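Take a look at the letters that make up each chain.
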Amino acid sequence: MEKLSFRHTTQKALPGAKASAITGVVASGNLEVLLERNLAPDICAFEIDTAINGYAEVWAAVVADFVARRQPGGLTITINDGGARPDTVSLRLAQGARLMEMP
Amino acid sequence: MEWKPVTLSAAPLDQSWYEASARARLAGLLDADSFQEFIGPEQRMMSPHLPLFDLPRAFDDGMIVGHGLLEAQPVLVAAQEGRFMGGAFGEIHGAKLVGLLRAALHLKPAAVLILFDTGGVRLQEANAGETAIAEIMRAIAIARAAGIPVIGLIGGRAGCYGGGGLVAGTCARLVISEGGRLSVSGPEVIETNRGAEEFDSRDRALVWRTMGGKHRRLLGAADAFVDDTIGAFRAAALAAIPAAPAFDLATLEAEQARLEARLDRFGDCTDATEIWGRLGVDDPTAVPGLTTEAFDALLDRLPEGPHHAR
Amino acid sequence: MPDKMPLDAILASLFPEGHAVTLADGLITGDGPLNGGRLAVIGIDGDTALGIEGACHLAGRVLDVVRAGGATPILVLIDSDSQRMSRRDELLGLNEYLAHLAKALLLADAQGHPTVGLLYGHSAAGAFIATALATRVLAALPGAHPSVMDLPSVARVTKLPLETLQAMARSTPVFAPGLDNMVQTGAVQVVLDPDKPLGPQVGALIAESPADDTRDALGLARGGRPVARDIAARVVGEVQGVVVREAQGA
Numbered sequence: 001m002e003k004l005s006f007r008h009t010t011q012k013a014l015p016g017a018k019a020s021a022i023t024g025v026v027a028s029g030n031l032e033v034l035l036e037r038n039l040a041p042d043i044c045a046f047e048i049d050t051a052i053n054g055y056a057e058v059w060a061a062v063v064a065d066f067v068a069r070r071q072p073g074g075l076t077i078t079i080n081d082g083g084a085r086p087d088t089v090s091l092r093l094a095q096g097a098r099l100m101e102m103p
Numbered sequence: 001m002e003w004k005p006v007t008l009s010a011a012p013l014d015q016s017w018y019e020a021s022a023r024a025r026l027a028g029l030l031d032a033d034s035f036q037e038f039i040g041p042e043q044r045m046m047s048p049h050l051p052l053f054d055l056p057r058a059f060d061d062g063m064i065v066g067h068g069l070l071e072a073q074p075v076l077v078a079a080q081e082g083r084f085m086g087g088a089f090g091e092i093h094g095a096k097l098v099g100l101l102r103a104a105l106h107l108k109p110a111a112v113l114i115l116f117d118t119g120g121v122r123l124q125e126a127n128a129g130e131t132a133i134a135e136i137m138r139a140i141a142i143a144r145a146a147g148i149p150v151i152g153l154i155g156g157r158a159g160c161y162g163g164g165g166l167v168a169g170t171c172a173r174l175v176i177s178e179g180g181r182l183s184v185s186g187p188e189v190i191e192t193n194r195g196a197e198e199f200d201s202r203d204r205a206l207v208w209r210t211m212g213g214k215h216r217r218l219l220g221a222a223d224a225f226v227d228d229t230i231g232a233f234r235a236a237a238l239a240a241i242p243a244a245p246a247f248d249l250a251t252l253e254a255e256q257a258r259l260e261a262r263l264d265r266f267g268d269c270t271d272a273t274e275i276w277g278r279l280g281v282d283d284p285t286a287v288p289g290l291t292t293e294a295f296d297a298l299l300d301r302l303p304e305g306p307h308h309a310r
Numbered sequence: 001m002p003d004k005m006p007l008d009a010i011l012a013s014l015f016p017e018g019h020a021v022t023l024a025d026g027l028i029t030g031d032g033p034l035n036g037g038r039l040a041v042i043g044i045d046g047d048t049a050l051g052i053e054g055a056c057h058l059a060g061r062v063l064d065v066v067r068a069g070g071a072t073p074i075l076v077l078i079d080s081d082s083q084r085m086s087r088r089d090e091l092l093g094l095n096e097y098l099a100h101l102a103k104a105l106l107l108a109d110a111q112g113h114p115t116v117g118l119l120y121g122h123s124a125a126g127a128f129i130a131t132a133l134a135t136r137v138l139a140a141l142p143g144a145h146p147s148v149m150d151l152p153s154v155a156r157v158t159k160l161p162l163e164t165l166q167a168m169a170r171s172t173p174v175f176a177p178g179l180d181n182m183v184q185t186g187a188v189q190v191v192l193d194p195d196k197p198l199g200p201q202v203g204a205l206i207a208e209s210p211a212d213d214t215r216d217a218l219g220l221a222r223g224g225r226p227v228a229r230d231i232a233a234r235v236v237g238e239v240q241g242v243v244v245r246e247a248q249g250a
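Chains as they are written, first to last, in full-length UniProt numbering: chain L, 1 to 103; chain Z, 1 to 310; chain D, 1 to 250.
In case anyone wonders, no lab produced these hints; they're calculated from the structure. All figures in this text were calculated on a predicted structure; none of them were measured in a lab. Please note that a few of the clues may not be correct.
Coverage of chain Z stretches by chain D, computed from C-beta distances (three or more under 8 angstroms per stretch; other residues unrestricted) [claimed, not checked]:
1) 14-25
2) 48-57
3) 77-88
4) 96-103
5) 113-126
6) 240-253
7) 283-294
The beta-carbon is built from N, C-alpha and C at its ideal position, and this holds for glycine as well.
Given only the sequences and the hints, what does the whole structure look like? Please build it.
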């Protein structure tokens, strides 16, 4: 297991009113993503627990891409990862952001 | 023949129960937006033991418990996530269900619904999981004795095995689908201990007709056989609530008679098709291929009534 | 590990004036005198696996005690294997038979027949849940060795080296086999003294048996289950919040 943390500044807050959302399941090749709206509107923080060690750079790239696309300001995003591929991680992050944008 | 889950669909009630996550099952089973979770994922009550084994944890430890409405009736619900650690009972996983069942005495809900999806006890927390199963069974007995129906729903990808099979056997009513398998020792466990001659776990047709939903319904181990949709489970759960038997001597004596009669009638059978034949099924080999509608029609034609004592 | 106390020695210590407990096909049934009344006895001897016939037979004897009324306590003596692992047992619904035996014991206890388990040998998995763990108070004798799964099997499933598991087992009671670990998780409430008469010890357990299920509190106090009690209590607390909100019409 490896713990990773990332903190990004964003240009805006993620829209929507939901306080929190969860998507995905911890399983082989899958992950769960917990999103909570509890930070300043221009901050997005990530806490990741991954089953596969040594992929910090890949995680950094996937997270940076998500932040650039969605501008998820205000969110703490906590991930339990069972060894998901980067495309699965991106999909779950996008699903999570969509859930948080709901009214 | 191999059973296949229904195709994924956008409408929540038409979704495959087998394919859905535990959270999706709860969302579709209950009245829209009525589910309130206890000890939700944001509380991060995760296993204190899995890190010792260098294994990932889940925010809900694979057990989601809460409160909701079923056709406007208040119910308590517990759902196992079969994809996380095979839905196995660990310390927190089990304790959440223990707490829910104890709490039923205070809330007096219309029912407690348990959505099983489990391989049994989580080996990494084996003693805690095993003890939790004993606590759950005691709590179910107490809740049932207080007049609260405890209903089990079985149709998940992990089936309902090991201690989960015993907990299911303690419920007042069981609803099962073709994808649901219910037993104590799973096919792989029997094969590992006794060899492939005793049980060939790769023979999926054998697994399904020995432990699957249709056999369990025909045998009297489950009360309702349903399609693999969230809507079908919802309808069957609603129907099960008013039919739940009391937890008393009369019920257990009736169950004793039912189980003794089963040993007398079928004790020498080696395959489910023999049992189905003795039950009056004309063409036992056709049973696995029957649609739910045709299977229900078959049940109606059989000479004996349902066995509801449990 | 101390030797297992043999069944006849246990029965002699329990019932010095004699008893009517018999053993057939590994199944123990009967009764004996205790404190001026009778103590009903069921159980499994000789590391016997519990299958559909055995569970059905034992459940029938428990229901006989309930049907007879009164307050006859029931002692469950256990030296069993796990559930019988066979295609036939599962075909015929082993889960129902084992659950039925557990329910019979739970019903007996709820209807005023105190249930006490006494683990004196092995027990595992479904057989353990259906018998000893379904009693109100579970005691053990030194030499008992319950397990959910043995360490070599755990090693196969978890893909961890056996030596690693053995080292972990010394510091982590939550997964390792053995009586001490089951005591620490709270499943086994007390270990009896084999050198003193067992009748008075069992009698005291019946007299002092707790009204509620205290196994999670014991697991917390003894360190074997650090969080179970708090988690269950938290759920109860959150449900009570729902009750209060509904009472307020919210």
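Quick check: do three or more residues in the stretch 283-294 of chain Z have a beta carbon closer than 8 angstroms to a beta carbon of chain D? That given contact is violated, which follows from only 0 residues of the stretch 283-294 of chain Z lying within Cβ reach (below 8 angstroms) of chain D.
Go check the stretch 77-88 of chain Z versus chain D for me, would you? Three or more residues, Cβ under 8 angstroms, otherwise it fails. violated (count 0)
Claimed coverage, the stretch 14-25 of chain Z by chain D - three or more beta carbons nearer than 8 angstroms: Contact hint for the stretch 14-25 of chain Z vs chain D: violated, 0 residues under 8 angstroms.
Quick one: see if chain D covers the stretch 113-126 of chain Z, three-plus residues with Cβ-Cβ under 8 angstroms. holds (count 5)
Coverage claim, chain D over the stretch 96-103 of chain Z, checked by counting residues with Cβ within 8 angstroms (three needed): holds (count 6)
With a Cβ-Cβ cutoff of 8 angstroms, does the stretch 48-57 of chain Z contain at least three residues near chain D? holds (count 4)
With a C-beta cutoff of 8 angstroms, work out whether three or more residues of the stretch 240-253 of chain Z approach chain D closely enough for the coverage to hold. Since 5 is at least three, the answer is holds.
Taken one by one, the earlier hints fail for this structure at numbers 1, 3, 7, listed in ascending order.
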